[in-house]
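Mind docking these for me? Both chains are given alone in their own frames, and the hints should help you get the complex.
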Amino acid sequence: NAGVTQTPKFRVLKTGQSMTLLCAQDMNHEYMYWYRQDPGMGLRLIHYSVGEGTTAKGEVPDGYNVSRLKKQNFLLGLESAAPSQTSVYFCASSYRLRQPYEQYFGPGTRLTVT
Amino acid sequence: DQQVKQNSPSLSVQEGRISILNCDYTNSMFDYFLWYKKYPAEGPTFLISISSIKDKNEDGRFTVFLNKSAKHLSLHIVPSQPGDSAVYFCAASDPGNQFYFGTGTSLTVIP
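Chains A and C supply the protein sequences, listed in that same order.
Everything in the first sequence is counted per my numbering, starting at 3 for the first residue and increasing by one.
Everything in the second sequence is counted per my numbering, starting at 7 for the first residue and increasing by one.
Listed below are the simulated DSSO-like cross-link pairs for lysine-lysine, each with C-alpha atoms no more than 30 Å apart in a straight line: (1) A/Lys11 with C/Lys11; (2) A/Lys59 with C/Lys11; (3) A/Lys59 with A/Lys16.
Residues on chain C that point at chain A, a partial pick, calculated with CB under 10 Å: (4) Gln8; (5) Gln12; (6) Leu40; (7) Tyr42; (8) Ala47; (9) Glu48; (10) Phe52; (11) Ser55; (12) Phe95; (13) Ala97; (14) Ser99; (15) Phe105; (16) Phe107.
For the record, the hints were derived by calculation from the structure and aren't laboratory data.
It should be emphasised that the depicted structure is a prediction, and the values quoted were computed from it without experimental measurement.
Quick reminder that beta carbons are idealized off the backbone N, C-alpha and C, glycines included.
Next up, chain C with everything else stripped away, as it sits in the complex (with noise of 0.2 Å):
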């Protein structure tokens, strides 16, 4: 069962614009998340990230917001370039390290 979950597939913002992707997750003793970018034929790159005791976590033009009592985090980008376009993934990690991805979104940002 997934412990991670991405609901949106893809989503297609305008250049400029805010972007924000989603991720949800079911267990609560993931401590800490990460979100990484992918683009085709490359391996995942780390983005930024959040412990659990923390609830907002920012660099640059982007924003990680973490809502544990809904078992939530979002990714805001602002604003979207088209250098942003990627597969995004959401990752939990647990107490023993191990960590759980989502399925990822696609997104694109339209110039």
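The following block holds chain A by itself, in its conformation from the complex (with noise of 0.2 Å):
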């Protein structure tokens, strides 16, 4: 198994240039999110899937789009990239109703915003 894989690993947009990050995870997991980690920060929820279709909005949600149209890929949209979405990103999927809880973390995407 590949768990939980992120692509691009590293990029670096200018003002205003839109990108795709995307997500895809071989465990059959019902859920999938998006984070942001920013230094003194932690990691932030931006927006997470319960299912095949369906999206909700995290802590951060402003400046991305989500989408969820297959159960193993879950797709973040930076329309009009800005400096402050200078960030790494992990994408994570875990699990529906079934303890711990935890969830599986890609390896995250290095966006440097110019």
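Following this line, the structure appears as structure tokens:
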């Protein structure tokens, strides 16, 4: 099993450009999440999905959109990148109702917006 | 406002001694708590968890303690090993399955 994979690993964008981050999981998990990690801020939830075709907002959703067209994939889109979106982005997945509810994380995508 | 707080950014411990990492939270609706470990350039990996109906959970060298009245949990690592050197994140889950993470504590175990 590959677990949770993220594409790309690194990206540099100019202000105003758009991009999509792809997350894929092969564990048949129902829940998937997108986080961003910034220095001194820990991980903050951007959006999450409780199943195929459903998404919900997390703590910091502004400036991002997501889609979950297939159960194994969760896409994070930046329509018009801003320097404030420079961060490390982590995707995670988990079973829906199975303790200990742990999330499995991908290796991260380092995004720089200039 | 940060609902999960880890007030110690870093901790150094001698190999073989006990490491104690602390975490405080503000939301009384949190019903599940987890600890994650993170190495540089990798995603966090799950370490141990505890339900709000318990006050202790043990897994090998790792024990998590929960004090609901104080809204405080701690992770004990005994004995500490150099391979435990990493950043440790505390996380809490609400009934809606949203997770809230602390800012992390960087643990260094000195050989």
